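Asks: Chain residues, written in single-letter form:
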Amino acid sequence: AQKVTQAQTEISVVEKEDVTLDCVYETRDTTYYLFWYKQPPSGELVFLIRRNSFDEQNEISGRYSWNFQKSTSSFNFTITASQVVDSAVYFCALSEINSGYALNFGKGTSLLVTP
Amino acid sequence: SAVISQKPSRDICQRGTSLTIQCQVDSQVTMMFWYRQQPGQSLTLIATANQGSEATYESGFVIDKFPISRPNLTFSTLTVSNMSPEDSSIYLCSVEGGNSGGSSSYEQYFGPGTRLTVT
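If you read the protein sequences in the order shown, they are chains A and B. Basically the numbering used here = 1-based index in the first sequence + 20. Basically the numbering used here = 1-based index in the second sequence + 136.
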């Protein structure tokens, strides 16, 4: 069963628009970690954020913000005032104790920001 | 965060041959992971490689096809054996980044990947 669901396959926005990437996860562990990674066209995987299951505080980093809600098993990612350089595939991932903390990735959301 | 390098960065190989991919980390790490990313797809874990023990493989991946070595805390290799065109993928190693206190940060960082094409 898919443990991490990114329902949005592709999103296209115009520069300066805000965009939210959805991530829903499934786990029975009480201790787990959630991640977001960015994969630009160059292919490298860039770490954006890690959130542990005991910390539901939302986080903001510049134009990026993350909304973690255990009640809905969601860990959504918002980019404010999007820029062309934000164009990439974004992956949400789950790490659980029972899997030795290996990452279980969602299928990714391809974001295209046009001028 | 750990700095990870992989060799080769890309290769084109013939069917039936084998390729060994190297992963080098600039600091000692306990846990290393190997992932595969098939064209246009997400990342799938191949195996977990901890120093001093046999690699643990995920369902669908076997040691005969993907032998892994982990001789020390900064290095690992993944071999893709008897390759077929279906093995054409990006192969990535990742490590769990520790923090200055020596405990785990549970942050995972990835190498730049090895882009493999099998003809």
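FYI, nobody ran anything at the bench for these hints, they're computed from the structure. Be aware that one or more of the hints could be misleading.
[Stated by the list, open to error] Quick list of the computed label-pair ranges, beta carbon to beta carbon:
#: 1; chain 1: A; residue 1: N72; chain 2: B; residue 2: Q164; range: 19 to 25 angstroms
#: 2; chain 1: A; residue 1: E76; chain 2: B; residue 2: D147; range: 41 to 47 angstroms
#: 3; chain 1: A; residue 1: E46; chain 2: B; residue 2: L209; range: 43 to 49 angstroms
#: 4; chain 1: B; residue 1: V139; chain 2: A; residue 2: S32; range: 43 to 49 angstroms
Values in this document were obtained by computation on a predicted structure and should not be read as measured data. Note that CB positions come from ideal geometry on N, CA and C, so glycine has one too.
Asks: Confirm or reject each hint.
Replies: Hint by hint, here is what the structure shows:
1. N72/A with Q164/B: 19 to 25 angstroms: Given about 23 angstroms between the Cβ atoms, the range holds.
2. E76/A with D147/B: 41 to 47 angstroms: 44 angstroms, holds
3. E46/A with L209/B: 43 to 49 angstroms: Hint violated: Cβ distance 33 angstroms, outside 43 to 49 angstroms.
4. V139/B with S32/A: 43 to 49 angstroms: 34 angstroms, violated
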